[in-house]
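Engineer: This is what each chain is made of:
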Amino acid sequence: MIVTILSILLIVTGLVFFLGAAVGLMRFPDFYCRMHAAGKGDTLSSLLVVSGFALYQLNDIRDFPSDWPVLLVILKLLAVVTFIYLTSPTSTSALADAGWEDGIDPVIEPGHENHLEDDCRKPPVSSPQP
Amino acid sequence: MKAKIFASIAVVITGAILLYAVIDFPDFGDPGSPPNAGVPGGAPAASRYYIQNTYRDSKVPNLVTAVLADYRGYDTMFETVVILTAGISIFAILRVVRRDDDPSAPEPVASDRTIDGDHHRIIVGITCRIAAPLIQIFALYVVAHGHYSPGGGFQGGVMLGASFILLALSGSLRETLARFSERDYTRLAFVGILIYAGLGLLPMWVGRNFLDYGALSGLFMTKGEEMARSHSMLGVEIGVAITVMSIMFAMFANLSTRGRLQGGL
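Protein chains in written order, with this note's numbering: chain A, 14 to 143; chain B, 18 to 282.
Please note that a few of the clues may not be correct.
To give an idea of the interface, some chain A residues facing chain B are shown, with a C-beta separation under 8 Å as derived from the structure [what the hints assert, rightly or not]: (1) Leu-99; (2) Thr-100; (3) Thr-103; (4) Ser-106; (5) Ala-107.
Listing some non-contacts, in silico: residues in chain B with all C-beta distances to chain A over 12 Å [stated by the list, open to error]: (6) Ala-20; (7) Gly-231; (8) Leu-236.
Taking CB as the label site, the calculated pair distances span [stated by the list, open to error]: (9) A:Ala-92 - B:Ser-64: 32 to 40 Å; (10) B:Ile-26 - A:Gly-33: 48 to 56 Å; (11) A:Pro-78 - B:Arg-112: 54 to 62 Å; (12) B:Pro-167 - A:Leu-38: 29 to 37 Å; (13) B:Leu-157 - A:Thr-17: 35 to 43 Å.
FYI, nobody ran anything at the bench for these hints, they're computed from the structure. Note that the structure is a prediction, hence the values are computed from the model and not measured. Quick reminder that beta carbons are idealized off the backbone N, C-alpha and C, glycines included.
Please put together the full structure from these sequences, using the hints given.
Structural biologist: So, in structure tokens, the structure goes:
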């Protein structure tokens, strides 16, 4: 019972973050803000929802030693969680990088400086190190 | 320009022939079509036969794989040959071998707006290095489990190829080619077909039909012919996976570098 309530709580929280990610994707002004919303919201919500599924699977263990295959399902779900945790932020980072290298400029409000410009603009490379 | 016109004519003619062939197909779900209703002359329907007899014949729970790799193994063998042909065509059309290409030349820099230092390379590179072996292990599982659950040689081969493509995308194509060179993947593409065709030829050694895996029970030291068929399906899937993996990576390497195998994405 308490496991069910906890898992529902996790899944609903995940859905809220999904909604936030979707709204951010539609409403934010430029590429980087959208990547921020999509990357962070999507990662966290996927993690929460899949963890909720894993927790819900605990309900299927009624009689422990004979119901052990349920643990395999939970293990697989946790493996999915680990993969999302590793790969989703990485792909977000790679995409934001690619956007910057491709020449997409962030939207800067008047009166603010583009620090990304100072930090990231590299002097033209004549001969890259092997 | 002329080449483009000829290519367009070839494409249009091929497309017209394919469209013409589609007209002869039975309607989707047509109860009177041969696979659904049985062939004239009273023979049992093909699909009913597979559903009722696959497990008895080959002890394989996944009917799709049994039909693909055993009952219609001849078809699947030439499907694999089609993939090999696609790889060969890409090689023939795109691959450029120039004598003045210096393999130790520095890679061209795509943009001057690179993020300072190698921080982003570290993030992406390390994650992909962690992920690639896991993807490969999962792909081997998909290949080996093809006759028990969804999966098989084509899917597993695509995943294996994708893991190499991931390495080439995250690091550099040159590093990946140092590990999985053009010579390697060209050879492996043919080795996969040879595994398939060789498994098909072995039964002919003892006087049975081509691809009649049941005759291999002596080779696999199984009790009945059913398990021999099951094991042969695994062998065939491995051959398919090797070919698909090599051709996937060959396509990526040639397409992303316009056949030069240098620089790349």
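Engineer: Give a verdict on every hint.
Structural biologist: Comparing the hints with the structure gives:
Given the 8 Å rule on beta carbons, the hint for Leu-99 of chain A holds: about 6 Å separates it from the nearest Cβ of chain B. Interface hint at Thr-100 of chain A: satisfied, since its Cβ lies 6 Å from the closest Cβ of chain B, which is below the 8 Å cut-off. Evaluation of the Thr-103 of chain A hint against chain B yields a held restraint, the C-beta minimum of about 4 Å falling below 8 Å. Checking Ser-106 of chain A against chain B by beta carbon gives a least distance of about 5 Å; that is within 8 Å, so the hint holds.
Among the interface hints, the one on Ala-107 of chain A holds; its C-beta lies about 5 Å from the nearest C-beta in chain B, closer than the 8 Å criterion. Every CB of chain A is more than 12 Å from the CB of Ala-20 of chain B (nearest about 31 Å), matching its label as outside the interface. The beta carbon of Gly-231 of chain B sits about 33 Å from the closest Cβ of chain A, which is more than 12 Å, so the claim that it is off the interface holds. Annotated as non-interface, Leu-236 of chain B keeps its C-beta farther than 12 Å from every C-beta of chain A; the closest such distance is 34 Å.
A C-beta distance of roughly 36 Å is found between Ala-92 of chain A and Ser-64 of chain B, which places it inside the suggested range of 32 to 40 Å. Distance hint for Ile-26 of chain B and Gly-33 of chain A: a CB-CB separation of about 54 Å, consistent with the stated range 48 to 56 Å. At about 59 Å, the beta-carbon gap between Pro-78 of chain A and Arg-112 of chain B stays in the expected band of 54 to 62 Å. Range check, Pro-167 of chain B to Leu-38 of chain A: about 32 Å between beta-carbon atoms, so the 29 to 37 Å window is met.
The supplied range of 35 to 43 Å is met by Leu-157 of chain B and Thr-17 of chain A, whose beta-carbon atoms lie about 37 Å from each other.
Violation of the numbered hints given earlier is absent; every hint is satisfied by the structure.
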